[in-house]
Amino acid sequence: MPELPEVQTTVNGLNEHVIGLKIADVWSSYNSPYFKGSNTIKDPLYFKVFKKEILGRKIVSVIRRAKNILIKLDNDDTILVHMKMTGHLLFGQYHFNQKNKVNPWEPIEPEGLKDPFNRHVRFVLTFSNKKHLALSDTRKFAKVTLIKAEHFHKTEHLHDIGPEPLEEIFDLKEFNARIDRKPNAKIKQVLLDQSNIAGIGNIYADESLWLASIHPAEKVRDLSNKQRADLFKAVKSSLSKGINLGGASTSDYRNINGEKGTFQQVHHAYQRAGTACDKRGCKGIIQRIVIGARGTHYCPEHQKLNK
DNA sequence: ACTAGCCCCTGGGAGC
DNA sequence: TGCTCCCAGGGGCTAG
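Read in order, the letters of the first sequence are residues 960 to 1266 in this note's numbering.
Hints are computed from structural coordinates only; laboratory data are not their basis.
Incorrect hints may appear among the rest.
If you anchor each label on the Cβ, the simulated ranges turn out as follows [said to hold, decoys possible]:
id: 1; residue 1: E1109; residue 2: K1073; range: 39 to 45 Å
id: 2; residue 1: K1266; residue 2: V1008; range: 52 to 58 Å
id: 3; residue 1: K1185; residue 2: K1010; range: 53 to 59 Å
id: 4; residue 1: K1011; residue 2: K1263; range: 56 to 62 Å
id: 5; residue 1: K1192; residue 2: E1012; range: 39 to 45 Å
id: 6; residue 1: C1241; residue 2: D1181; range: 19 to 25 Å
id: 7; residue 1: K1200; residue 2: S997; range: 33 to 39 Å
id: 8; residue 1: E1012; residue 2: E1127; range: 34 to 40 Å
Being a predicted model, the structure only gives us computed values, none of them experimental.
The C-beta atom is built at its ideal place from N, Cα and C for all residues, glycine as well.
Please put together the full structure from these sequences, using the hints given.
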């Protein structure tokens, strides 16, 4: 699923391709009564407003905040895309099967989009140079909305998000201050909570805890100073490695060219239940448990509870 | 103010 | 082979 490294990979790709492009058309098949009045394009009434506001605008930059993609327009408005579980953005000059009544924007070429996970197109921006930015989203969890310039600093879509873990200003002292907001909570749940630290999801939480030899159910107040320092380093290193490898494509994530990342090839814990722990000298077998309704993978040999 | 748990959604795997 | 059932999980929301 798209977490900080996957979102950053997408943002890096977009910056190479969409800067200066002018939005000529907008299409979406998202609509759900559940999202009526939600201020996202899943509300058909909101989509009409959204379309009117962005037509003719040029893209000036693309940045990331937590797991959100922020596409800045030339009038200082911002298109926000959150890919949630199964969404990813694709950029290219596509041909769509307009005769398909169910989904007229199902891509029929090029080759890269034959991958089934690139074919669930729900949202398309067409630029004036005939290129497309398409959002493929199998399970329709993704969120797309427009943030007007004057609302940017108070929008509900970005409020209550913790610091960016890869920024240099985010040091061990800051890390401790953030996790200590929940001394009685399990460390895995604290890592996943975006209001504590931005951008960590299930994959990088499990990988970081494996690297730092910490049991995912360890209470924050029971962590030793060494464990805190190890976890701080592990969070930074696993996220950085994820970016360097173009993200994790355990299931559906693809970059803007529709290609897989390779972080899943170096997972130590995530989705490796039943396989041997590959920590040097460790004889453990990776286990899967549930914490906070999330599948959690860890090695019971070298990630033991302190008490 | 907190947290546990439901809900959005669909492809794919298990079971029969 | 083909049907039904069930589950993954980020984050918004609500009930307690």
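Hint by hint, here is what the structure shows:
no.	hint	result
1	E1109 <-> K1073: 39 to 45 Å	holds (43 Å)
2	K1266 <-> V1008: 52 to 58 Å	holds (55 Å)
3	K1185 <-> K1010: 53 to 59 Å	holds (54 Å)
4	K1011 <-> K1263: 56 to 62 Å	holds (58 Å)
5	K1192 <-> E1012: 39 to 45 Å	holds (44 Å)
6	C1241 <-> D1181: 19 to 25 Å	holds (22 Å)
7	K1200 <-> S997: 33 to 39 Å	holds (35 Å)
8	E1012 <-> E1127: 34 to 40 Å	holds (36 Å)
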